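If you read the sequences in order, they're chains L and R. Its first residue numbered 8, the first sequence is counted upward by one per residue in the numbering used here. Its first residue numbered 8, the second sequence is counted upward by one per residue in the numbering used here.
Think of the hints as simulated: they come from the structure by calculation, not from any bench. Check each hint, because a few of them may be wrong.
One copy or two, it doesn't matter: identical chains are merged, so the pair holds either way.
As the list claims (entries may be wrong) - DSSO-like, lysine-lysine: derived pairs with alpha carbons at most 27 angstroms apart: (1) LYS349 x LYS250; (2) LYS106 x LYS250; (3) LYS92 x LYS230; (4) LYS92 x LYS106; (5) LYS223 x LYS165; (6) LYS106 x LYS223; (7) LYS165 x LYS137.
Fair warning: this is a prediction, and the values are worked out from it, not measured in the lab.
Protein chains: 2
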Amino acid sequence: MQTFNPPVRTLMGPGPSDVYPRVLEALSRPTIGHLDPAFIRMMDELKELLQYAFQTRNAMTMPVSAPGSDGMETCFVNLVEPGDKVIVCQNGVFGGRMKENVERCGGIAVMVEDSWGDAIDINKLEDALKAHDDARIVAMVHAETSTGAQSDVATLVKLAHQHDCLTIVDTVTSLGGTPVKVDEWGIDAIYSGSQKCLSCTPGIAPVSFNERALEKIRDRQTKVQSWFMDLNLVMGYWGEGAKRAYHHTAPINALYALHEALLILNEEGLEEAWARHRKNHLALRAGLEAMGLSFIVKEPDRLPQLNAVTIPAGVDDASVRSRLLNEYNLEIGAGLGALAGKVWRIGLMGHASRAENILLCVGALESVLGDMGAEINTGVALPAMQKALA
Amino acid sequence: MQTFNPPVRTLMGPGPSDVYPRVLEALSRPTIGHLDPAFIRMMDELKELLQYAFQTRNAMTMPVSAPGSDGMETCFVNLVEPGDKVIVCQNGVFGGRMKENVERCGGIAVMVEDSWGDAIDINKLEDALKAHDDARIVAMVHAETSTGAQSDVATLVKLAHQHDCLTIVDTVTSLGGTPVKVDEWGIDAIYSGSQKCLSCTPGIAPVSFNERALEKIRDRQTKVQSWFMDLNLVMGYWGEGAKRAYHHTAPINALYALHEALLILNEEGLEEAWARHRKNHLALRAGLEAMGLSFIVKEPDRLPQLNAVTIPAGVDDASVRSRLLNEYNLEIGAGLGALAGKVWRIGLMGHASRAENILLCVGALESVLGDMGAEINTGVALPAMQKALA
Numbered sequence: 008m009q010t011f012n013p014p015v016r017t018l019m020g021p022g023p024s025d026v027y028p029r030v031l032e033a034l035s036r037p038t039i040g041h042l043d044p045a046f047i048r049m050m051d052e053l054k055e056l057l058q059y060a061f062q063t064r065n066a067m068t069m070p071v072s073a074p075g076s077d078g079m080e081t082c083f084v085n086l087v088e089p090g091d092k093v094i095v096c097q098n099g100v101f102g103g104r105m106k107e108n109v110e111r112c113g114g115i116a117v118m119v120e121d122s123w124g125d126a127i128d129i130n131k132l133e134d135a136l137k138a139h140d141d142a143r144i145v146a147m148v149h150a151e152t153s154t155g156a157q158s159d160v161a162t163l164v165k166l167a168h169q170h171d172c173l174t175i176v177d178t179v180t181s182l183g184g185t186p187v188k189v190d191e192w193g194i195d196a197i198y199s200g201s202q203k204c205l206s207c208t209p210g211i212a213p214v215s216f217n218e219r220a221l222e223k224i225r226d227r228q229t230k231v232q233s234w235f236m237d238l239n240l241v242m243g244y245w246g247e248g249a250k251r252a253y254h255h256t257a258p259i260n261a262l263y264a265l266h267e268a269l270l271i272l273n274e275e276g277l278e279e280a281w282a283r284h285r286k287n288h289l290a291l292r293a294g295l296e297a298m299g300l301s302f303i304v305k306e307p308d309r310l311p312q313l314n315a316v317t318i319p320a321g322v323d324d325a326s327v328r329s330r331l332l333n334e335y336n337l338e339i340g341a342g343l344g345a346l347a348g349k350v351w352r353i354g355l356m357g358h359a360s361r362a363e364n365i366l367l368c369v370g371a372l373e374s375v376l377g378d379m380g381a382e383i384n385t386g387v388a389l390p391a392m393q394k395a396l397a
Numbered sequence: 008m009q010t011f012n013p014p015v016r017t018l019m020g021p022g023p024s025d026v027y028p029r030v031l032e033a034l035s036r037p038t039i040g041h042l043d044p045a046f047i048r049m050m051d052e053l054k055e056l057l058q059y060a061f062q063t064r065n066a067m068t069m070p071v072s073a074p075g076s077d078g079m080e081t082c083f084v085n086l087v088e089p090g091d092k093v094i095v096c097q098n099g100v101f102g103g104r105m106k107e108n109v110e111r112c113g114g115i116a117v118m119v120e121d122s123w124g125d126a127i128d129i130n131k132l133e134d135a136l137k138a139h140d141d142a143r144i145v146a147m148v149h150a151e152t153s154t155g156a157q158s159d160v161a162t163l164v165k166l167a168h169q170h171d172c173l174t175i176v177d178t179v180t181s182l183g184g185t186p187v188k189v190d191e192w193g194i195d196a197i198y199s200g201s202q203k204c205l206s207c208t209p210g211i212a213p214v215s216f217n218e219r220a221l222e223k224i225r226d227r228q229t230k231v232q233s234w235f236m237d238l239n240l241v242m243g244y245w246g247e248g249a250k251r252a253y254h255h256t257a258p259i260n261a262l263y264a265l266h267e268a269l270l271i272l273n274e275e276g277l278e279e280a281w282a283r284h285r286k287n288h289l290a291l292r293a294g295l296e297a298m299g300l301s302f303i304v305k306e307p308d309r310l311p312q313l314n315a316v317t318i319p320a321g322v323d324d325a326s327v328r329s330r331l332l333n334e335y336n337l338e339i340g341a342g343l344g345a346l347a348g349k350v351w352r353i354g355l356m357g358h359a360s361r362a363e364n365i366l367l368c369v370g371a372l373e374s375v376l377g378d379m380g381a382e383i384n385t386g387v388a389l390p391a392m393q394k395a396l397a
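In isolation and in its complexed conformation, chain L is listed as follows (with noise of 0.2 angstroms):
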């Protein structure tokens, strides 16, 4: 057995996206105490930092020491009680990721569900919470990773609210590529993860819990299930004028990772970024519906990091997938759950979002497509790629 060399790929899946050189760089530097007063300097700016990327003034804003997957279960764990009753909008896979989560913490999930695709629709939300004037949590996704639909959080919120319910928002997808607005919004509990749009390494999901979040919290009646997602007991290391004591061991060279990542962020500027993400979708999405691709989202709806794509008819999927990987190392997302085998999900996440990699892909998959013989336009892709990105 010898030392892993991966290869050099690009990687335009659903995440992990194309990792910044500078992230790569800052990963590999010495390890240091996860007490050392110079490591909690660096997680005094971290914190600041993740504050920027989410527009919020949340003192209880950090970063999960696990993937995002576990930035969503800290979200539950902390904010449902046995017996809430909570009202998740599912449409695609990670909604219903939240009801699993509900339910085993003894929740109640009322789901309303939309078409995998379509954005959360705002009327259905309110036909369930006026039936359901016990409801106590409102969860949602932001950005389906699943289907790449992007949906109206500003209005779900605010609608949430009105019926005297919190709210917990998934953005691991959305967080630095669309604009996420934790205060302008009102959002409670937010969740995401790093190898997303933010272009870090994948491990570590930022979290933010605003003051009515954390009013709840206090007011359990019984114990956070979770020891180590316990946010009474994190908050000892990360909380606001914590003592910085001891709960678990921080990840300490993933989050210099995640520092850089945002310190990037934070040197692009957030507006910069979201309009570098909705240019980029724009040339991909021409060159793709010259080809004769047609995306799955309506338009108004789509999330310019995430372009699911239909397969074209008699197109082999793991064949057009691992032809892309073998001769051009370039990796895109197979579908999920009850879109899998039927969509192509294209990622153009932070880093990942620049022209040389969209016209990499777009022209190998019109190099792969015509040499498997699938109805596809030839010739009239890169034009129309050179034309949105002039």
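Position chain R against the provided structure of chain L, taking the given hints into account.
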């Protein structure tokens, strides 16, 4: 705000330990996808390397994508069902954390307590097993990081099995430093951490479960309360013969690092690593005792990798540690829990278990303590260590 350039420290606390340079280098290699065939081959190697480290053939041997505390919780949430009676042997901080885990899973914890610094008393466990013949599980810490005491896990596990109990064993601080023999000792569920004697960066928890443990998980009447830690789901990605289906996004680069750390252990050989930890412990001990410091753990129960010594009377704990850090870039550990302010914990873990670290640590301690007017013997530690290292 600027990029974070950590100081270069020598890490001789209770972990993280000094990280192997090869591990830091592996960490910064290009990120690839969690379903990339190249990554999946690496996962298979990683499992095999972990089996060697744990000395087991358990198919369910894998790294949890989170710190050691979450590895602990993974064992408890999967094995403990509401109402299950669990005997927890406590002789330090981490037995207390096990109690929290049992109770948060709805289990009933029966505590068998020993003094901090003592090994677990086999007779006390036997009495508890006789008094509680409805107990289902016995949980114990092999190497108590808070005190530096090692317990006789082989005998304790045998006893538990005689009373039809499964066993959960914490080897966070022992794995790679002193013998851990999962199959020979019959351990049913075990967890460890990446950042101690494996000298990898913090953030990953190796775990292993035998067939008996998996049977209990399969026979559960209730769902595992954590979605993220539910082995029934995680096995779809990490399990034997699994399709490596998406569960959560694995912390890719952190797993490169663990692969490299385990490769180094494999190259050195377990027996050789254990012997090195033992030899260096004796040298450190020679220096510290010559200086007049005393160990809190009785000689036969001492962990070579975690040396807890009493702080000399009249000496200010924090000032000494602060001076070691600022003047020598040396981190040693403070006391934890009941031992806070009373002991220092000096780690000789993995890559930190080297002759040069011992001379630095004892030399720096002698300088700082001497300068502060503490009652220690000066000028005798160095020759004592030289003799032990010869």
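So, going through the hints one by one against the coordinates:
no.	hint	verdict
1	LYS349 x LYS250	between (51 angstroms within a copy, 19 angstroms between copies)
2	LYS106 x LYS250	between (36 angstroms within a copy, 24 angstroms between copies)
3	LYS92 x LYS230	both (18 angstroms within a copy, 19 angstroms between copies)
4	LYS92 x LYS106	within (11 angstroms within a copy, 29 angstroms between copies)
5	LYS223 x LYS165	within (18 angstroms within a copy, 45 angstroms between copies)
6	LYS106 x LYS223	both (20 angstroms within a copy, 25 angstroms between copies)
7	LYS165 x LYS137	within (14 angstroms within a copy, 59 angstroms between copies)
Hint compliance for this structure: every hint is met.
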